[in-house]
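There are 4 protein chains.
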Amino acid sequence: MPKIEISTEFCLRVRYAETDQMGFVYYGRFAEYFEVGRVEWIRALGLTYHELETKHRIWMPVMSMQVRYLRPARYDQELRIRTSLRALPHQDISFYSEIFNEKNELLCAATIKLCFLDSLTGKRVPCPGFLQERISHAIETAHIQ
Amino acid sequence: MPKIEISTEFCLRVRYAETDQMGFVYYGRFAEYFEVGRVEWIRALGLTYHELETKHRIWMPVMSMQVRYLRPARYDQELRIRTSLRALPHQDISFYSEIFNEKNELLCAATIKLCFLDSLTGKRVPCPGFLQERISHAIETAHIQ
Amino acid sequence: MPKIEISTEFCLRVRYAETDQMGFVYYGRFAEYFEVGRVEWIRALGLTYHELETKHRIWMPVMSMQVRYLRPARYDQELRIRTSLRALPHQDISFYSEIFNEKNELLCAATIKLCFLDSLTGKRVPCPGFLQERISHAIETAHIQ
Amino acid sequence: MPKIEISTEFCLRVRYAETDQMGFVYYGRFAEYFEVGRVEWIRALGLTYHELETKHRIWMPVMSMQVRYLRPARYDQELRIRTSLRALPHQDISFYSEIFNEKNELLCAATIKLCFLDSLTGKRVPCPGFLQERISHAIETAHIQ
Numbered sequence: 001m002p003k004i005e006i007s008t009e010f011c012l013r014v015r016y017a018e019t020d021q022m023g024f025v026y027y028g029r030f031a032e033y034f035e036v037g038r039v040e041w042i043r044a045l046g047l048t049y050h051e052l053e054t055k056h057r058i059w060m061p062v063m064s065m066q067v068r069y070l071r072p073a074r075y076d077q078e079l080r081i082r083t084s085l086r087a088l089p090h091q092d093i094s095f096y097s098e099i100f101n102e103k104n105e106l107l108c109a110a111t112i113k114l115c116f117l118d119s120l121t122g123k124r125v126p127c128p129g130f131l132q133e134r135i136s137h138a139i140e141t142a143h144i145q
Numbered sequence: 001m002p003k004i005e006i007s008t009e010f011c012l013r014v015r016y017a018e019t020d021q022m023g024f025v026y027y028g029r030f031a032e033y034f035e036v037g038r039v040e041w042i043r044a045l046g047l048t049y050h051e052l053e054t055k056h057r058i059w060m061p062v063m064s065m066q067v068r069y070l071r072p073a074r075y076d077q078e079l080r081i082r083t084s085l086r087a088l089p090h091q092d093i094s095f096y097s098e099i100f101n102e103k104n105e106l107l108c109a110a111t112i113k114l115c116f117l118d119s120l121t122g123k124r125v126p127c128p129g130f131l132q133e134r135i136s137h138a139i140e141t142a143h144i145q
Numbered sequence: 001m002p003k004i005e006i007s008t009e010f011c012l013r014v015r016y017a018e019t020d021q022m023g024f025v026y027y028g029r030f031a032e033y034f035e036v037g038r039v040e041w042i043r044a045l046g047l048t049y050h051e052l053e054t055k056h057r058i059w060m061p062v063m064s065m066q067v068r069y070l071r072p073a074r075y076d077q078e079l080r081i082r083t084s085l086r087a088l089p090h091q092d093i094s095f096y097s098e099i100f101n102e103k104n105e106l107l108c109a110a111t112i113k114l115c116f117l118d119s120l121t122g123k124r125v126p127c128p129g130f131l132q133e134r135i136s137h138a139i140e141t142a143h144i145q
Numbered sequence: 001m002p003k004i005e006i007s008t009e010f011c012l013r014v015r016y017a018e019t020d021q022m023g024f025v026y027y028g029r030f031a032e033y034f035e036v037g038r039v040e041w042i043r044a045l046g047l048t049y050h051e052l053e054t055k056h057r058i059w060m061p062v063m064s065m066q067v068r069y070l071r072p073a074r075y076d077q078e079l080r081i082r083t084s085l086r087a088l089p090h091q092d093i094s095f096y097s098e099i100f101n102e103k104n105e106l107l108c109a110a111t112i113k114l115c116f117l118d119s120l121t122g123k124r125v126p127c128p129g130f131l132q133e134r135i136s137h138a139i140e141t142a143h144i145q
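Protein chains in written order, with the working numbering: chain A, 1 to 145; chain B, 1 to 145; chain C, 1 to 145; chain D, 1 to 145.
Hints are supplied without guarantee of correctness; some may be wrong.
As the list claims (entries may be wrong) - Okay, derived cross-link-like pairs now, DSSO-like style, lysine-lysine, Cα gap no bigger than 30 angstroms in a straight line:
no. : chain 1 : residue 1 : chain 2 : residue 2
1   : A       : K55       : B       : K113
2   : D       : K113      : B       : K113
3   : B       : K103      : D       : K113
4   : C       : K113      : B       : K55
5   : B       : K55       : B       : K103
6   : B       : K113      : D       : K55
7   : A       : K103      : C       : K113
Derived by calculation from the structure, the hints in this document are not laboratory data.
Build out the structure end to end from the sequences listed, making use of the hints.
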């Protein structure tokens with residue numbers, strides 16, 4: 001089976017609000033950074049998560065998260081979030097997220113699994129067809145490169 | 001015109017997440033403390049803000065906030081939030097919030113004005129009658145004491 | 001080898017600020033709930049995390065976190081956080097955290113590993129002796145019961 | 001006395017974490033947006049707030065904040081934060097912040113006053129000379145334009 005990897009990168013700067021009294025970014029705040037990374041990954045497909053919610057009535061709550069914190073992130077650093085998909089989504093979708101500082105050091109790495117809910121019924125649904133198609137298309141066009 | 005003041009107090013402990021790298025509670029986090037104070041004020045009337053939203057379809061977004069920060073709040077302190085109503089609500093409702101530390105020093109004081117929205121239409125509505133009645137009742141029963 | 005489990009429980013109420021537009025508690029906010037649970041677990045030993053930082057110059061940053069989200073937490077629910085230690089700490093310390101709603105349904109479960117830093121040097125140190133002693137004492141006195 | 005106004009603009013996109021169950025950005029989260037605006041305003045002077053803290057040992061805690069919320073901010077909107085100084089700082093410094101949505105509608109406006117602390121002693125100090133000079137220089141060079 002061929003390995004796939006569709007990755008995008010997004011940079012953001014650490015806000016003062018995100019630090020704690022150790023002088024590090026609070027460990028729970030990384031969840032927001034991972035979220036921003038996923039949202040920009042979806043935007044790179046030509047969709048928006050906002051559309052998924054408002055037009056397609058899909059919610060994507062998080063089912064599980066594993067995070068390893070390797071080095072602290074600090075105030076005013078410009079962080080680079082690398083978000084990757086390594087398997088085609090079916091019943092759920094898993095993203096692999098890595099956050100790097102300006103010296104290109106890996107600060108933390110996470111695997112986050114989300115499911116798909118019909119927002120009207122609250123019931124689980126499989127990955128919508130149009131999302132699978134966009135992902136397949138992204139893989140194919142990357143092959144051409 | 002008689003002066004009214006209906007006050008409640010609620011205590012909470014500062015979380016690590018709420019500190020910043022100065023070692024103080026981040027200035028934006030106090031908005032959450034004020035919110036907790038207001039919610040407990042409403043609960044003391046025998047209502048819940050949750051019911052207002054789910055049963056009465058009322059949303060109460062904040063229209064304005066004035067805060068004076070006098071002393072820093074610090075990690076693990078048990079803070080006391082005093083929430084007061086000083087005028088009967090009509091088109092909007094204003095709360096006066098004060099936060100004290102364990103030595104009874106005033107850390108910050110705020111005035112927060114909220115309006116009432118019909119959550120189905122998103123239109124402004126006046127203060128619901130049942131809320132005015134609860135407030136009037138609270139004033140009267142306090143007179144008896 | 002004998003199994004140990006030292007557990008404490010702590011309740012908190014979901015704040016409006018903690019919800020997102022799905023109407024659920026945002027997945028990253030649970031990190032704060034786990035933190036509150038750990039802090040109260042330490043307090044139950046007769047110590048405070050605040051003292052660890054200010055008196056003993058120990059910081060305890062999070063090294064890894066695994067969370068499974070089973071059911072959403074919602075606004076104004078009173079959540080019960082159960083925090084357990086299942087192995088004696090040496091180079092690091094791992095807590096197992098579970099969050100339950102008012103119906104006693106498990107909402108999420110997490111394993112969180114923290115290390116010990118000397119806050120003056122920023123270097124890793126093993127679990128301080130006085131903390132190990134408190135834990136051993138807690139296990140012994142629980143045996144007596 | 002001549003009127004001054006030194007303004008900068010910075011854009012950011014609303015994160016899912018920043019919404020609440022009304023579907024609006026939580027009112028307390030705007031404090032983070034104002035902070036980002038101030039930090040970028042200082043960067044536009046050729047300084048960084050990070051340097052002020054680490055090199056010059058200056059902390060700038062918030063003394064007061066007045067916010068008017070005119071329209072809700074919503075998920076995934078790209079907001080424009082306009083941050084202005086309208087008076088030279090002496091004992092304290094006041095910023096005027098406005099946040100606009102993509103249709104150029106004003107969502108909220110705030111006045112935020114900060115003071116200067118010597119971070120080693122925790123005592124108040126006046127605005128550092130080098131900061132006043134940078135501001136004066138910014139005003140003069142703007143005159144030339």
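Evaluation of the provided hints:
1. K55/A <-> K113/B: Outside the cut-off at roughly 34 angstroms; violated.
2. K113/D <-> K113/B: Distance of about 20 angstroms is within 30 angstroms: holds.
3. K103/B <-> K113/D: Within the cut-off at roughly 26 angstroms; holds.
4. K113/C <-> K55/B: violated (42 angstroms)
5. K55/B <-> K103/B: violated (40 angstroms)
6. K113/B <-> K55/D: violated (40 angstroms)
7. K103/A <-> K113/C: With Cα atoms ~26 angstroms apart, K103/A and K113/C stay inside 30 angstroms; holds.
The structure fails to meet hints 1, 4, 5 and 6 from the earlier list, while all remaining hints are met.
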